[in-house]
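Chains as they are written, first to last, in full-length UniProt numbering: chain P, 1 to 364; chain R, 1 to 364.
Mixed in with the good hints there might be a few duds.
Identical copies carry no separate label here, and so any pair may be met within one copy or between two of them.
Below, computed lysine to any residue pairings styled on SDA-like, alpha-carbon distance capped at 20 angstroms [unchecked claim]: (1) K156 to D91; (2) K156 to D99; (3) K156 to Q87; (4) K101 to S292; (5) K101 to R59; (6) K101 to A364; (7) K156 to V63; (8) K101 to P37; (9) K225 to R240; (10) K225 to Q96; (11) K156 to V92; (12) K156 to Y264.
Don't read these hints as lab results, they were simulated from the structure. This one's a predicted model, so the numbers in the text were calculated from it and none came from an experiment.
There are 2 protein chains.
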Amino acid sequence: MSPIPPREQVRIDLGERSYPILIGQGLMAQLDELPLPRGSSALIVTNTTVEPLYARTLREALVRRHGRVNTLALPDGEEHKTWETLQRIFDVLLEQGSDRKTVLYALGGGVVGDITGFAAACFMRGVPFVQVPTTLLAQVDSSVGGKTAINHPRGKNMIGAFYQPQLVVCDLATLNTLPERELSAGLAEVIKYGPIHDMAFFDWIETNIDALRAREPRALAHAVKRSCEIKAEVVGQDERESGLRAILNFGHTFGHAIEAGLGYGRWLHGEAVGCGMVMALALSEELGLVDSAFVRRCTALIERAGLPTRGPRLGASRYLELMRLDKKSEAGEIRFIVVAAPGRAELRAAPDALVARVIERCCA
Amino acid sequence: MSPIPPREQVRIDLGERSYPILIGQGLMAQLDELPLPRGSSALIVTNTTVEPLYARTLREALVRRHGRVNTLALPDGEEHKTWETLQRIFDVLLEQGSDRKTVLYALGGGVVGDITGFAAACFMRGVPFVQVPTTLLAQVDSSVGGKTAINHPRGKNMIGAFYQPQLVVCDLATLNTLPERELSAGLAEVIKYGPIHDMAFFDWIETNIDALRAREPRALAHAVKRSCEIKAEVVGQDERESGLRAILNFGHTFGHAIEAGLGYGRWLHGEAVGCGMVMALALSEELGLVDSAFVRRCTALIERAGLPTRGPRLGASRYLELMRLDKKSEAGEIRFIVVAAPGRAELRAAPDALVARVIERCCA
Numbered sequence: 001m002s003p004i005p006p007r008e009q010v011r012i013d014l015g016e017r018s019y020p021i022l023i024g025q026g027l028m029a030q031l032d033e034l035p036l037p038r039g040s041s042a043l044i045v046t047n048t049t050v051e052p053l054y055a056r057t058l059r060e061a062l063v064r065r066h067g068r069v070n071t072l073a074l075p076d077g078e079e080h081k082t083w084e085t086l087q088r089i090f091d092v093l094l095e096q097g098s099d100r101k102t103v104l105y106a107l108g109g110g111v112v113g114d115i116t117g118f119a120a121a122c123f124m125r126g127v128p129f130v131q132v133p134t135t136l137l138a139q140v141d142s143s144v145g146g147k148t149a150i151n152h153p154r155g156k157n158m159i160g161a162f163y164q165p166q167l168v169v170c171d172l173a174t175l176n177t178l179p180e181r182e183l184s185a186g187l188a189e190v191i192k193y194g195p196i197h198d199m200a201f202f203d204w205i206e207t208n209i210d211a212l213r214a215r216e217p218r219a220l221a222h223a224v225k226r227s228c229e230i231k232a233e234v235v236g237q238d239e240r241e242s243g244l245r246a247i248l249n250f251g252h253t254f255g256h257a258i259e260a261g262l263g264y265g266r267w268l269h270g271e272a273v274g275c276g277m278v279m280a281l282a283l284s285e286e287l288g289l290v291d292s293a294f295v296r297r298c299t300a301l302i303e304r305a306g307l308p309t310r311g312p313r314l315g316a317s318r319y320l321e322l323m324r325l326d327k328k329s330e331a332g333e334i335r336f337i338v339v340a341a342p343g344r345a346e347l348r349a350a351p352d353a354l355v356a357r358v359i360e361r362c363c364a
Numbered sequence: 001m002s003p004i005p006p007r008e009q010v011r012i013d014l015g016e017r018s019y020p021i022l023i024g025q026g027l028m029a030q031l032d033e034l035p036l037p038r039g040s041s042a043l044i045v046t047n048t049t050v051e052p053l054y055a056r057t058l059r060e061a062l063v064r065r066h067g068r069v070n071t072l073a074l075p076d077g078e079e080h081k082t083w084e085t086l087q088r089i090f091d092v093l094l095e096q097g098s099d100r101k102t103v104l105y106a107l108g109g110g111v112v113g114d115i116t117g118f119a120a121a122c123f124m125r126g127v128p129f130v131q132v133p134t135t136l137l138a139q140v141d142s143s144v145g146g147k148t149a150i151n152h153p154r155g156k157n158m159i160g161a162f163y164q165p166q167l168v169v170c171d172l173a174t175l176n177t178l179p180e181r182e183l184s185a186g187l188a189e190v191i192k193y194g195p196i197h198d199m200a201f202f203d204w205i206e207t208n209i210d211a212l213r214a215r216e217p218r219a220l221a222h223a224v225k226r227s228c229e230i231k232a233e234v235v236g237q238d239e240r241e242s243g244l245r246a247i248l249n250f251g252h253t254f255g256h257a258i259e260a261g262l263g264y265g266r267w268l269h270g271e272a273v274g275c276g277m278v279m280a281l282a283l284s285e286e287l288g289l290v291d292s293a294f295v296r297r298c299t300a301l302i303e304r305a306g307l308p309t310r311g312p313r314l315g316a317s318r319y320l321e322l323m324r325l326d327k328k329s330e331a332g333e334i335r336f337i338v339v340a341a342p343g344r345a346e347l348r349a350a351p352d353a354l355v356a357r358v359i360e361r362c363c364a
């Protein structure tokens, strides 16, 4: 195996909103050789953690393409995914005399991607947007699907838009500076694609989990590529989440309740999803859809990825209350993504008593 | 002529985002008989001027269709088209336990339509939206095109989205309570369609201008219908304003400068557009595209509609400065919509000196 994997590409096919995802080592420094949107100015939106690591490299590549390139470093953390922070992006865009062709570059993880994407969706009713995700979670998750949003005091991602980027550049070299815990959080969303869609990919992850945690470039490249492909396949069939696409939220209904119940930021999103998947698997078992061996096998891999597999003890009624606020609930009925059979997911309601039993069973 | 005109319909054809505009007398009380979106709850967003006139009628019709219907009355006026006001809509939606199928009804003029539409575009990344415009301007202009927005301290409509309603209901009876000045402001956008697209319609307006100002229902019905048809034709070819659609901004580049220069609210938007059309016509003449007789003919009709035809004396350099901030400008170059020939418009740059001469000529 050569240490530097070849450049991979995934084409996201959404008609006139189609775009490529490029995956490779050291892509950021060569960004000006890629098919960037035109525009005589650009703004790099990043955060104060990522800025000292990569903003300069990105900016140097971009000035070769756009006339003026400014950088805005937002404070780091989910708690800053607010209107106030969004407003700072608009202020800078207007101060620098931006127009409808000014390009926004999101350099960072999911928070930076979500807020920058939403800024691009709204600024002058839509300007071009390029994602340069620097976390594994953002590379496998935010790269595909066009979901952008900010939080509202009453709920996560309540205010947002479906807005596609023109290009996504996953530079695998950025994962070398990623903290261990965040790498594991990203693996949660990689593992997710196994039970809901592709058990062959699940087999591959089981074989390669140590290489992934050791950040072996070829393993990372495949994990990112295959995750994006699967997500693209699902999103391509249901861009605006009217049905099928909801299966991508496997583990998220329980996960969001964990995040909200503990207060955002205590657990990483991927950690909550990892544990949420264990709970969703337990629910699938309680509903008689999968057997306990399958649940144990999935749980073991989630654990090997370095993720928590026992939920915090918030109490079943608190979990249920929080889950009823979920955007997927309708007229107060919670809808869970369950594994109908290994490799296939579906959306289901479940009796409160059954869900409560799952919560009791899965919480430490 | 019968006093009550037949119900008119214009179909806006935008693929999966298509919707009908219904035009007629007294439609609001029969709204539940129309093809409304489903949804077990709804929110009527209106303003404190319109609420006492129509909110009750609308609510009574809607409770027959949706389980829960709340009303939120915003303060009246362009100066409230802000994030803070938008936030109030989100707060109420979340307090009432809304979901992704909750329907937003915009009951009012352009400000209510723009802000409610933007709220619908962003809330949970998009909920269904129905427009019930109660001003002539909103009926002929906001009904078609899906432009939604709020203002930013540095510029009008800077933050927004293209988002289509599922239905627009123009109840002509609401125009009976419209102040004279606002009726004239609406006529500016009706007259606009003549020089840029349809001189036969311009002839019709010349013949019927007194009937329109007297609010004769049949005349109003035709003016609203034909305006929506023309706008639909243009928007259908260019939904996201990459080219052709810009011609609908005829008079708006000068008009926005007037509004911004005097401070928003001093002149009504339609008044500024009326006067802006005179300036854009003068520019077309200076560029040798149309003759002075045509400019005089258009100016006479704008005056008969009760609109100002002389701009405020802000000084040419201030006008130019304000126009460079316009969303249509690119890399600092102002692009004007001019009349290339009677009934046909195009986008053009023009030398500052020429524009300055037009401004001097057209300002009182």
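Verification of the supplied hints:
1. For the homomeric pair K156 and D91, the shortest alpha-carbon distance between copies (14 angstroms) is at most 20 angstroms, but the shortest distance inside one copy (24 angstroms) is not.
2. Proximity of K156 to D99 under the C-alpha cut-off of 20 angstroms is restricted to the inter-copy arrangement: shortest distance 14 angstroms between copies versus 30 angstroms within a copy.
3. Taking the shortest alpha-carbon separations for K156 and Q87, both the intra-copy value of 18 angstroms and the inter-copy value of 15 angstroms come in at or below 20 angstroms.
4. Taking the shortest Cα distances, K101 and S292 never come within 20 angstroms of each other, neither inside one copy (54 angstroms) nor across copies (36 angstroms).
5. In this assembly of identical chains, the alpha carbons of K101 and R59 lie at most 20 angstroms apart only when taken from the same copy (18 angstroms versus 42 angstroms across copies).
6. With identical chains, the CA atoms of K101 and A364 are never at most 20 angstroms apart, being 51 angstroms at best within one copy and 36 angstroms at best between copies.
7. For the identical chains of this complex, K156 and V63 are neighbours neither inside a copy (35 angstroms) nor across copies (30 angstroms), given an alpha-carbon limit of 20 angstroms.
8. Taking CA atoms no more than 20 angstroms apart as the test, K101 paired with P37 passes inside one copy only; the shortest distance there is 8 angstroms, against 35 angstroms between copies.
9. Taking the shortest alpha-carbon separations for K225 and R240, neither the intra-copy value of 22 angstroms nor the inter-copy value of 32 angstroms comes in at or below 20 angstroms.
10. For the homomeric pair K225 and Q96, neither the shortest alpha-carbon distance inside one copy (36 angstroms) nor that between copies (42 angstroms) is at most 20 angstroms.
11. Taking identical chains as interchangeable, the C-alpha atoms of K156 and V92 lie at most 20 angstroms apart only when they sit on different chains, with a minimum of 16 angstroms there against 25 angstroms within one chain.
12. In this assembly of identical chains, K156 and Y264 lie within 20 angstroms of each other by CA distance solely inside one copy; the values are 9 angstroms within and 35 angstroms between copies.
Hint compliance for this structure: hints 4, 6, 7, 9 and 10 are not met, and every other hint is.
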